Amino acid sequence: MFLGCLGIWVFGCLGISARAVQPTAEQIEFFESKIRPVLVESCYSCHSDKAEKVRGGLKLDTRDATLKGGSSGAVIIPGDPDASLLIKAVRYTDPEMQMPPKDKKLPAEQIAALEAWVKMGAPDPRDATGPKPLTDVEEARAKHWAFQPVTKPAPPKVKNTRWAKTPVDNFVLATLEEQKLKPAPAADRRTLIRRASYDLIGLPPTPAEVEAFVNDKRPDAYARLVDRLLASPHYGERWGRYWLDIARYADTKGYLAGGEERRYAFSFTYRDYVVRSFNEDKPYDQFIVEQIAADRLELGEDKRALAALGFLTLGRRFLNNQNDIIDDRIDVVTRGTLGLTVTCARCHDHKFDPIPTKDYYSLHGVFASSEEPGERPLLGAHKDSPEYQDFLKAREKIEKEIAEFEAKEIAEFREGLRKNIGDYLLAARDVAKLDDQSKFDTFAGERKVNPTVLRRWMAELEKRRTNSDAILAPWFELSALDDSDLTTNLASRVLALADAAVNPLLKKLLVEQATNSLNQVVAVYNQLFRDADSEWKKVVETAAKEKQPAPTALADAHREAVRLLLYGGGAPPNLEESEVRRMHARRLGEGAAPMRNRIEALNWTHAGAPPRAMAMVDRANPADSHVFIRGNPGNRGPIAPRQFLEVLSGPERAPFTNGSGRLDLARAIANPDNPLTARVYVNRVWQHHFGVGLVPTAGDFGVRTEAPVHHELLDYLAAEFVAQGWSTKKLHRMIMLSSAYRQSSDASEANLKADPDNRYLTRFNRQRLDFEAMRDTLLAVSGKLDLRVGGLPVDIVGEPFAKRRAVYGLIDRQNLPGIFRTFDFANPDVSNQGRFTTTVPQQALFMLNSPFVIEQARALLERDEVKQAETPEEKIRAMQHLVWQRPADREEVQLAKNFIAAPPAQDAKLSPLEQYAQVLLLSNELMFVD
Amino acid sequence: MSAPHHKPRLEDRFLTRRDFLGRCGMGFGMLGLANLLGPDVLSAALTESDTRSNSPLAPKSSHFPGKAKRVIHIFANGGPSHLDTFDPKPELTRLHGQQLPMENLKTERKTGAAFKSPFTFKKYGQSGIEVSELFTHVAEHIDDICVIRSMHADVPNHEPSLMLMNCGDARLPRPSFGSWITYGLGTENQNLPGFVSMCPGYPIQESQNWQSAFLPGIFQGTHINTKHEKVEQLIEHIKNNSVSLDDQRRQLELLRQLNERHARRRAQDAQLEARIQSFELAYRMQMDATDAFDISKEPEHVRTMYGKGTQARQLLIARRLLERGVRFVQVWHGDGQPWDNHDDLEDGHRKLARESDQPIGALLTDLKQRGMLQDTLVIWGGEFGRTPTVELPTPGANAGKVNGRDHNHHGFTMWLAGGGSRGGYIHGSTDEFGFKAVENRVHVHDLHATLLHLLGFDHTRLTFRHAGRDFRLTDVHGNVVKELIA
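Protein chains in written order, with the numbering used here: chain H, -15 to 914; chain U, 5 to 490.
It is worth saying that the hints were derived from the structure and are not from the lab.
In this text the structure is predicted, and so the values were computed from the model without any measurement.
Glycine residues also receive a C-beta, built at the ideal position from the N, C-alpha and C atoms.
When the alpha-carbon atoms are kept at most 20 angstroms apart in a straight line, the in silico EDC-like pairs for lysine to aspartate or glutamate are as follows:
| # | chain 1 | residue 1 | chain 2 | residue 2 |
| --- | --- | --- | --- | --- |
| 1 | H | LYS116 | U | ASP474 |
| 2 | H | LYS881 | U | ASP250 |
| 3 | H | LYS432 | U | ASP348 |
| 4 | U | LYS486 | H | GLU25 |
Computed list of chain U residues with no C-beta within reach of chain H, every gap over 12 angstroms:
| # | residue |
| --- | --- |
| 5 | LYS120 |
| 6 | LYS126 |
| 7 | GLU233 |
| 8 | VAL306 |
| 9 | ARG328 |
| 10 | GLY329 |
| 11 | LYS355 |
| 12 | GLU436 |
| 13 | GLU443 |
Please model the entire structure based on the sequences and the hints provided.
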C-alpha cells in the first residue's frame, strides 16, 4: 500500500514518472539497495572525488566514470561479469588484483550482487537521465518549450464527436484516441454539483440545491449551475485562498528580536483585496500589475488597489535582513507568476535554467530601489466618526506615555554621567598610558565610564591644564605623584595647596579625607561634584514648588563653578539630547517597544482604526545593484542594470527607466507576449480543478520540466485566456463545461491498468478536502458557519471556536498551530506550488477527539431539520441527508439504528445520536469529492 | 530481481511497484528518497496491507546501513561554556585577570582579561579525559563519549547559530535536522510522532528550531511543552473528554462499515483505504502515547536514578519514546536561553549543570543497560560556547557585573555518545586559551554530515527538490569527520 506516498506526491508526480525509461525502476531499486551501499562503503575511499588520492585513476562515484574505468582500462563489461576487471578484483581470485585490498574481501552476498548487477548490464541511475541543463540564453530561447511564444493550436479532429463538447475535449480526446483509451462515463448530477461547489466555492451544496439541480430539466442546467457558483461571493474566498498559497500569505512577520510586534496590522487588507479581485473577475494582467506596482498606477479616487502590494511586503522578515527580504520578494514574483526559479541564481548562475546571476541582481536592484512608506496609506477616505476620534485619542494617549518614558530615561542616563566624576578624571589620566588606542572603548568599559564622556573630559582637562584651574589644578598636581609619594606626603601636599588658588569646597574635602592614597582624592572629587549636583537639584525643586522662576545659577560662587562643569554649555557630561538618544537607542527602543506595540495593536483591536495598505513606494534615488559574488554582499561584482530577464525579453532588452522599475517589471510579466505568464496561470487553475496541473510542477517551468502530455491544450487555454481579456471566470467555464471535467472519478479496470497515474485524463481525480474545505464543511453541515466576507483575521484554533471561514483564520507563520500542519496547510514562508496530501493518524485524532468536531456533532442535532424530525429514524435520515447531501438508503439507516440502540457508556457525555452524528462527520463520503 | 510486482491480489487495489517508484522517485521533491527505498519497505508494502507502509512516516532504509537508528539531541540552549565543562585550560588560570597575549577575538560584546574557570577538572575513565566538576555523572561515561573540542560556527549570535545548528542555515527557512531524519528514515512506531521536541516553554526562535520548512508538515517536530505534566496537555487531541474508549470503538466500527460501503460503490481507490486505516492508528495512538509519556510507570529505582526536576522528567520521557521507536527526540534545557551566562557564570553554570548532569548520566546508564546505546546517537551541546575572557559591562546588559563570559562561535565543545560514535576520544582542540578551534576543526556542517553518516546517509544525497533546487541539510558544505566514527 503506497497510499501515503500516492497522496503526498500527488502534485507534481504525474506526467513525469513514465519517462523514467532507463534504467528501469526495478534496476534502480536493485542498484540503490545492493550496489550503491557497497560502492560507498568499500570503494569510494579510494575511488571517488572525495578520495584523498584517487587510486589507479579509477573513480566509481559516477556512472560515466564507472563505465570509463581506470588506468587499466574498463573495469566493467556490461553483461559479462567474468570479463569484468571489477568482478575479478572483488572475487580475490588473482593475488595481484584484490579489492578492497588488505584482506577486506567483501562478503559473498555483496560479491554475488555485483556479479548480478554487471550481468544485467550494470544499470546505473547515477547522473540520472534528466533533462540536460540549458543555461545558454539564446539556446534556451530556441529550444525549451516553455520559452516559445504561445500560439493558439486548432482543436484537433476526433472520432467521438458526441463526447467532445468543447475545444478542451478535442485536445483531451485526441490524445485518448491516439493512446486507444476511452474516457470515463459522465458523472451523475449529484456528483457533479458537489464537485462544482467544492471546486468553485469550497463548500458543499445544500440538500435543496442538490435536489433542484438533479431535477432541473433545462438543457443548460449545468452551465447555469457553474454561473451561479461563479457569481457567489464565496467564490473569491476559495480561489483567493489558492492565490494566497502562491503569495505565502501570513498575518505575522516571523521571528523578530527586541520585543518588536510580530503581527502585521494590515495583512488582511491584502487578503481581502485578493478575494475581491477574484469575485470581480479582475483581469489577471491587471491583478499582477497591481500587486507589483499599484503605487505607480493612476488609481483615481478608489485607492483600494494599493492593498495589492501586500503581495510583496507580507513575507517573513528574516530579522530585518534586507537582502533576504529582497530574495523572498524576487522569489514570490518570479516563481509565483512566471514559474521560474530565479532565486537559484542568487549565489551563482542557475545550474539548469538560462538565468545568470546578473539577471537576479537586475531584479535585486528593482526591489532595493523600493521601500515601505513610514506611514502606510489609507485605503479610502475614512469617515470622521466618533469611533475614529476615539481611536486617535487612544493613540495619542500611548504616544504621550512614550514621550514621558523617553524623557525619564534620558534624564536618568544623564544623571548617571554626572556621577563619579573622580573616576572619569582617573580614567582620563590612565587611558593616556594605553599603548593601543583601539582598546579605548574596552578600557572605558572596564572603568565603568562612558567612553564619549571620557573623551570630553580629556578635552576639558587639556583645556584647563595650563590656566591653574581652581577645581582641577589640585588634581593635576596630586594625580601626578607616585604611590610612595602619596602614602607619605599626600596630607602635607594637600595642606600646602594655596588657599587662593583652590576652590575652598575642594580644599575642605581634601583636608578631611585625602591622607595617603589617590583613591581618596578620587573619592573627594566624586563627592565634590555630587554635592554640587544635589544642591542644584534642591534649588530647582524648591523653585518649582514655590512657583518661582527656574534658577539659573547657585548662589555660592564656588559651588556654581563646580556645577558649571556638570551643567554648563559644553560641560563634559552635558551631552546633547540627540547624542543621548543615539547612545541609548537600544534601551529607548526596547523600553518603548511594548507601548509601540500597543499603538500597533490598536489597529486590530479598536473599532475606529482605518484600514491601510501594506504598500511599497519607489525610493527617491533608485539605483542598480552590484552583483554579490557568491551571494556575499561584502563581495561586489559588476553593476547589474535594472531590467527584465534576458531569457524572456531577448538581447535587445532595454533597462527599466520608470523609478525603481517595479512598474516596468510588472508590465513585462503581465504581457501577452510573455511566453510564461498565461501558461503558468492557466496551469494553476487547471491544477485546482483536477488536483494535478497539466504541468505537474506548477512553480517550475524551467528546462528541467519537460513539455507536458497536453502541451497543445495548455497553449490553447493560455491563448484563449489572453484573448478573452485574462478572465479567470471565463477560463473556469472553458474547463468546467468540458466533458473531460465532467467524467466520473471511478477508473475502469482497463483505464486503471493503462493509465494508472491518469496522465491522459481518462477520468476525474477524486480529491480529499483540504484543510479549509474540511473545516468549513464541518461548520456548514452543523449549520454554524458564519458566511460574512472579509475583515480582520480571527483565531480559529482556540475555544470558543470561531465560526468564520478558515480563509479568515489568523496565520502565525512563526508558530503555525499544529492543526494547520497536520492537515497539510500551505507553507507560509515560501511561494507554494501545491499542497501535499498526507494521510496520518494525527488527522484522525483531530476528527475523533477535538472539542471542535464534537461541538459540530452536537450542533448537527440542533439543526431545525433534525430537531423537527420526530423519530430517531427520521433524525438519522435528516442528518445523513445534511452531511452527505443525498437520502440515506435502508441499510445505512439500519446500521445507524443498531448503533444508537446499544446503551452508551455510563458517564457518556454524548448521546448515541450525537455519537452517530460525529461518525457522519468523520466519514470518507464527507471528506472526499468524487 | 525476484520480488514480483504483479501479485493479482494487490494489483487491482494498489499501485504497482513501478508506479510507486515512478511517483515517489521521479516526482517533485522525491529525488532524494527514490534512492532510499530499500527492498524491505517495498516487499513489505507489496505483500501485506500493513498499515505501517501507508504513511509518509513508514520506516525506510537509509543509503547504507547506519550504526545509529535513533537520535536524542540534548540541547543546552544559550551556549554552555566549554572552558568550564569539557575543555580545561590551565593557561587561563595562570593568566587570570591579565590580558591574553593574543587579540581578543570578536564576539557579540566586548570582553576583557583572561577569566579562569571557577571549576576543577579531573580525569575520568580509561581514556583519562578531563571533565569538570559540573558533569561528574556524565563523566562516569566518558569512555563512551566522543568529545569534539574543535567545533566552530559562523557568528556569535543566538538566533543564527541556533538556526545553523538545527537547520544548517543561519537565516533562511530550511528543514531541521530532525525533519530530514524523519523524512529519510520514517519512524518505527506509527502510534507516536516520529520527531519530538521537548522544552518547558520555547527556546528562542521557537518552533523554527524544529521546522520542516519546505518538507511536508508531518516531518516537523512535535513540540511537547514539558511545563505541563498531564499527557492530554502534552499531546494535542490525544484524549476525548466526551466519549469513552468503548463508545469510541463502536463509533469506529460504524465508521468502518459506512466507509466500506462508500468504497464498494466506487472503483478501487487507495486514498480511501488509507484514510480508513488512519482512524485505526489514531485509536491505538491514544493508548500508546498516553503510556509513553507516563513516567509513573517507571520503577522507583529508575526514577531515582534520573532524579527530580524538569530535566529528569524530560530525559526519562525521552528514553521511553526512543524505546518505543520514536526516531528523533530533542530535549531543550529550558525556556529562552538558560545557558547564556553573560554574568554570574559560576552560579549559573553550577545550577544548570546540577539540573542536567544527573539525568544525562542516568540516561546514558539506562540506554546502556537496555542495550540501546549502541544504536542510539546521543548529542549534547549548545549553539556555541563561551569566551575565555571576561565579558565587560554593557549598558542594559549584565547589570554591571564582571563575572561572566560572552558567546563564542570560534571554538566550542560538543559531545556524542553511542550510535556508532567513537567513545573515549577527544577530537581536535582549541588554542591554549580556548578561544578558537585550531586543530582538526569541525564546522557545524561537518558535524551534520557526520551525524547523517552515522545514520546511514550520504549527506550529499539526502535531498528534496524545492523551488527548482535539490536542497540538503548541508547545502553545499560539509565533510564527514571519519575520526568521530567508531
